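Asker: The lines below spell out each chain.
2 protein chains.
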Amino acid sequence: MAEVKQEGITVKKSENFSEWYTQVVQKAELADYGPVQGTIAIRETAYAVWEKIQNVFDEKIKKTGHKNAYFPLLIPENFLKKEAEHFKGFVPEVFWVTHTGENKLGERLAIRPTSETIINTFYSKWIRSWRDLPVLLNQWCNILRGEIKSTKPFIRTSEFLWQEGHTAHATEEEAEKEMLYILDEYKDLVENYLAVPVLTGKKSEMEKFAGAKTTTTMEALMPDGKALQAGTSHSLGQNFSRAFEIKFLDKNGKQQHVWTTSWGISTRLIGAVVMTHGDDKGLILPPKVAPVQVVIVPIFYKAEEKKKILKKAEELVEKLKENGISVFIDDREGYTPGWKFNEWEMKGIPMRIEIGPKDVKNKQVVIVRRDNFKKTFVKEMEVLKNVGKVLDEIQKNLFVKAKKFLSESTTTAKDYQEFKKTLERKGGLLRACWCGEQHCEEQVKLETGATIRIVPFKKEKIFGKCVYCGKEAKEVVYFAKAY
Amino acid sequence: MAEVKQEGITVKKSENFSEWYTQVVQKAELADYGPVQGTIAIRETAYAVWEKIQNVFDEKIKKTGHKNAYFPLLIPENFLKKEAEHFKGFVPEVFWVTHTGENKLGERLAIRPTSETIINTFYSKWIRSWRDLPVLLNQWCNILRGEIKSTKPFIRTSEFLWQEGHTAHATEEEAEKEMLYILDEYKDLVENYLAVPVLTGKKSEMEKFAGAKTTTTMEALMPDGKALQAGTSHSLGQNFSRAFEIKFLDKNGKQQHVWTTSWGISTRLIGAVVMTHGDDKGLILPPKVAPVQVVIVPIFYKAEEKKKILKKAEELVEKLKENGISVFIDDREGYTPGWKFNEWEMKGIPMRIEIGPKDVKNKQVVIVRRDNFKKTFVKEMEVLKNVGKVLDEIQKNLFVKAKKFLSESTTTAKDYQEFKKTLERKGGLLRACWCGEQHCEEQVKLETGATIRIVPFKKEKIFGKCVYCGKEAKEVVYFAKAY
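Residue numbers (this note's numbering), protein chains in the order written: chain F, 752 to 1234; chain B, 752 to 1234.
To be clear, the hints were calculated from the coordinates, so they are not data collected in a lab.
Since this is a predicted model, take the numbers as computed values, not measurements.
Among the hints, a few may not be true.
[As the list claims (entries may be wrong)] Pairs of lysine-lysine, DSS-like flavour, derived with a Cα cap of 25 Å: (1) F/813 to B/1070; (2) B/756 to F/756; (3) B/814 to F/1072; (4) B/1005 to F/756; (5) F/998 to B/756; (6) F/1070 to B/818; (7) B/813 to F/1039; (8) F/1063 to B/814; (9) F/811 to B/803; (10) B/1072 to F/818.
Looking at chain F on its own, in the form it has when it is part of the complex (with noise of 0.2 Å):
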């Protein structure tokens, strides 16, 4: 019967899990490549999943008196040069504009790689005066970044969405604040909503943000034991306040430099999104994110049972919108029901449910969960409230499912032996004991390819020499390889 040829992920997840992502971005319609190298179409369910994104961390932190502004995506060189370890950072990756129309440019404009530098200029003119603090804004837009090697869809690619935002404080204490309550509503968003567990604490020296004091950062881990970076959130200190000259009046009447914070998470979200839930027949969406929730699917063979079958469906769609829950019906003609469930399990529509002509004699529908194919006859009467019950079960499910997987894959390692045997093995997080010193740090990178992901907030016992040089530890870090 159906017309339209389906196919669905040809490879396992566990076989070989970068083919399997690349065929569930491009088959669930999540992405699709760019004639520019490393650039993406966000497809509409992937955009939409962003929306949901934007939607909740933007109330988050609009409650918080953070407003959203737009700042010129084209800087000039000369800005970018202002602070020196931010330039050396970025310079390698920026898109350079050179002419407009056919007239070259007197001084080349760089496409913004972040906005530090084009931000901090307008804070230097509007902020006079204590009263004038904190400066809380924050902007949605797109970023480029020119990636040379192994770009891959949202994890990494030349153009991508963020959010970023950009803070003025008063104080460092104030700063430092800022910095750290985003990070909380970052790891609020990504683990409530995205059901993707992550680990948070600072970075290392070498591997904090260019220009900042202090990086805090949240990591996931994808299942092929890479770490994920899924959000920052800097205290730049005084760094940029005075490449930048942004002084304010104290309330004594003094001249001072104000502190400066900057925060981004980006469309890498939806990919982590992905890799963390998908299986063997595609997407799952968590239900608190997928822009579809509930797919309804009519089963019939006879005309006359058509008619019959697509009114309770209908009465459904109704009773499921007003309670705030997002369904359809999928009544297309030419495809089977089977056809069907492939598309939509493809797709990551977390929720199905089936209405068979035995369903409406016995006023019942079947309920089929997308995280583990449960299969539920529900009666009529109770489906609303089953269908809001089995939709908050597959997020946490979800979730507890990943959380599992991170507390499994995190490895306490005891010598370097055992390191690298380990990251060999299954990769994952390596709990390490760490000397402090930026050699053994670029020394483990060289030889294994593993970065410090973490520092704990909390410092964690020594439990032993540093791993790598086998001196006196300072810190026990997580080292991962990462994306």
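Dock chain B against chain F, hints included.
Answerer: Just chain B now, kept in the frame of chain F:
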């Protein structure tokens, strides 16, 4: 008592409109100039108006099956060239990227001046069968066009934010219907939310979008007598589907090219709001798009009054918020009430509520309208009802006033003498007969600066000869000088 210097708008709107606009934009903190010619930062109040516009329009189009997506910023030059008219129209203002980091690119990349070419490239991969149609996508994004002369914040900038809808259909009728549907929604948004009246109609061949078959437009009239194109909706025929080979298998198994549309509104609308409604005191925001609708200014001279008054104010805030009215209390110290009145008048908050010691005693508040400064004493019991009603009245009054101006500024010109005299004396829209020849249109533009803004959808009755050449007229059209 006030510690901080306050400077209001120093020119009259009627005396130096251009300078007045610049001051309002800067002093009401709507925008500030960026380092690159023609770029601006969109500050929080203006951005909040943009968010309101986004919410209203997004809801409209989602109800009719449109979805949001995101397409790459960078477009290889050869893509732009595929539709010849389009390329010719946009190439003089394109920002070109030639390098990433230190590497010269093989082909230069355009920063999107509009996205027909890149989006249609994807559509040619995604559309195969009639089952895939219609495709109804929209994106909210930034657009860059190098504007060399007479840039003006919001009105004409080298970078702006917009939405661009791009749809593909099986038939031309469907595409035209889409084009007109969108134009209707634009008109509803602009008139009923921004309180800016518009005329709608078609563009002449000369004025239409580069690559379009038909361009429809809505045109507003600014207080200086110049027209402002406030949004356009195009039927692109098969121009782009042929250039980009977007074909589908129809129900009869035949390959056909799709019919496409595109349509956009931008942050220019913020400029239209500022120009249309503002007065000598500054900005006036229509209540439906004002981020803050009501400011409460407590008035007290003694410490013991303060507590009582603030308590009243807070009770009122609760009540208003519960009813969906956005409100805040300006309880800053170190500023006089008068200073605060000026501040919020300049920043355009539609309504002010004053609460002083007498008001507390008399169980009343004072309501002051921003649009006409009318002051009303309102009993506490009736505040809620009253505030809602008065906000509605302000919204309506702003529209009625602007609509009256639009009518009064539309002049029927019987001959070229009258045409030129009226244009010089007061500008506005000139209703004139036209032979339909591009030569006449070009000459009028050359000699007077006026262009055909609207060819009415419904032919108006011809009342004379062509305003320029004096030959037989084919249409009644509306000319104006325009931004």
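Asker: Please go over all the hints and tell whether each is borne out by the structure.
Answerer: Hint check results:
1. With a C-alpha separation of about 20 Å, the suggested pair residue 813 of chain F and residue 1070 of chain B falls inside the 25 Å cut-off, and the hint holds.
2. A hinted pair counts as satisfied when its Cα atoms are at most 25 Å apart, and residue 756 of chain B with residue 756 of chain F does not qualify at roughly 72 Å.
3. For the suggested pair residue 814 of chain B and residue 1072 of chain F, the alpha carbons sit about 14 Å apart, so the restraint of at most 25 Å is met.
4. This hinted pair checks out: residue 1005 of chain B and residue 756 of chain F have alpha carbons roughly 18 Å apart, not beyond 25 Å.
5. Distance restraint check for residue 998 of chain F and residue 756 of chain B: the Cα-Cα separation of roughly 18 Å lies within the 25 Å cut-off, and the hinted pair is therefore satisfied.
6. Restraint check: the Cα-Cα separation between residue 1070 of chain F and residue 818 of chain B comes to about 24 Å, which is no more than 25 Å; the hinted pair holds.
7. At most 25 Å may separate the alpha-carbon atoms for a hinted pair to count; residue 813 of chain B and residue 1039 of chain F meet this at roughly 19 Å.
8. Between residue 1063 of chain F and residue 814 of chain B the alpha-carbon distance is near 23 Å, which keeps this suggested pair within the 25 Å criterion.
9. Restraint check for residue 811 of chain F and residue 803 of chain B: satisfied, since their Cα atoms lie roughly 18 Å apart, inside the 25 Å limit.
10. This hinted pair checks out: residue 1072 of chain B and residue 818 of chain F have alpha carbons roughly 19 Å apart, not beyond 25 Å.
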